[in-house]
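Enquirer: Residue strings, one per chain:
There are 2 protein chains.
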Amino acid sequence: MVAPMKTPIDFYFDFTSPYSYLASEMIEPLAARNDRGVAYRPTLLGAAFKVSGQRPLIEIPMKGDYSRRDLARSARFYGIPFQLPEPFPVGTVTAARSCLVLQREHPALAVPFIHGTFRTYFVQGRNISATEVVHAALEEAGADATAVLAAAGQPDIKEALKTAVDASIARGVFGAPFFFVDEEPFWGSDRLPQIERWLATGAF
Amino acid sequence: MVAPMKTPIDFYFDFTSPYSYLASEMIEPLAARNDRGVAYRPTLLGAAFKVSGQRPLIEIPMKGDYSRRDLARSARFYGIPFQLPEPFPVGTVTAARSCLVLQREHPALAVPFIHGTFRTYFVQGRNISATEVVHAALEEAGADATAVLAAAGQPDIKEALKTAVDASIARGVFGAPFFFVDEEPFWGSDRLPQIERWLATGAF
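Residue numbers (my numbering), protein chains in the order written: chain A, 1 to 204; chain B, 1 to 204.
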């Protein structure tokens, strides 16, 4: 008998979430060290914020100022290139829909697109809410950008993203990055050490 | 010449903050490993929440449910005894004022009182908003509990706590635990690894 494949780590993210970007640069090696894959699940945080009554970190008095400093310092701590882009945050519906198109039709290109889009925004500082910027990220990932963007505008993909967002909220995803290891939830890039121990020890 | 004493780590906390309790069990050895002391600074988070528009974690939809799980898991991760008490959160003005009295009049008893009060609430599950519970924690710390509680009710100590809370807000303390290493701010028990590197390398 072949051992059953272990379930991948679910990684919920929004392309405008800087802590999601930081986590996206670390989660694959962490998963691989523990014999797991990563299931990337794009979502839109705005919908969850409506349910939880939260708002973007950066807009919260006191906490917003701290978070700018913490983000830059956390990136240095992890050794990951980072700059907080302007404007921030931005809408990510086109990027998220494009991601779903790739995952459905060209799955091998989805992960390069995810990393490329995060870096486009958080390293190069280009505004990923603009269709032409998503177009460029799709091309860099090796996709037929025009075709993907056309598919991203179709009703089935719009519906698929809406369904994915609703499902993430139903699962309790109130922020990002948000992970499930099997059914255990972990929120925040600072929970990666706990995820690693969870994987290594089989819960603790 | 004697080397100048390094400034202690400022540790802002509220006695009802469970992540502050977790941090309180780790910060002294971390500081000692890096040749520092800890300056304990009791505050009342409610006042900061009014400024930032936040509310207690546990009351936030979705996030509250997650935080119960995360707290218990984080305590296991760190190897620290913990149970979320009921009621939670509670008012901590009597405990905070008593702490200020000790820091002013019997400084050697303040740290035992701080650890004892946190454990009274988060290990034994006793309601530290009750004067008789603070009385017991003071006695366990070796203080004249009746005298300390009498002093805690005097106008000068009430004013001192108000001043301390206002100063914490002015310094940007929007949550707890909140640390300053020299002037660098760190929020959350999950920032202890960054604090340790900051101390060890002299900023990064």
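Check before you lean on any hint, since a few could be wrong.
It does not matter which identical chain is used: a pair holds within one copy or between any two.
Claimed, not checked - Calculated pairs, SDA-like style, for lysine to any residue (alpha carbon to alpha carbon, straight line, at most 25 Å):
id	residue 1	residue 2
1	6	82
2	162	61
3	63	203
4	6	64
Keep in mind that the hints were calculated from the coordinates and are not lab data. Every value quoted in this text rests on a predicted model; they were computed, and no experiment measured them.
Enquirer: Up to 25 Å between alpha-carbons, please classify residue 6 paired with residue 64: within, between, both or neither.
Expert: Answer is neither; intra-copy 39 Å and inter-copy 30 Å both fail.
Enquirer: When Cα atoms must be at most 25 Å apart, do residue 162 and residue 61 count as within-copy, between-copy, both, or neither?
Expert: Between copies only: 21 Å across chains, 30 Å inside a chain, cut-off 25 Å.
Enquirer: Is the C-alpha distance from residue 63 to residue 203 at most 25 Å within one copy, between copies, in both cases, or in neither?
Expert: between (32 Å within a copy, 21 Å between copies)
Enquirer: Could you place residue 6 and residue 82 in one of the four classes (within, between, both, neither) given a Cα distance threshold of 25 Å?
Expert: The answer is neither: 32 Å in one copy and 31 Å across copies each exceed 25 Å.
This entry does not satisfy hints 1, 4, going by the numbered hints stated previously.
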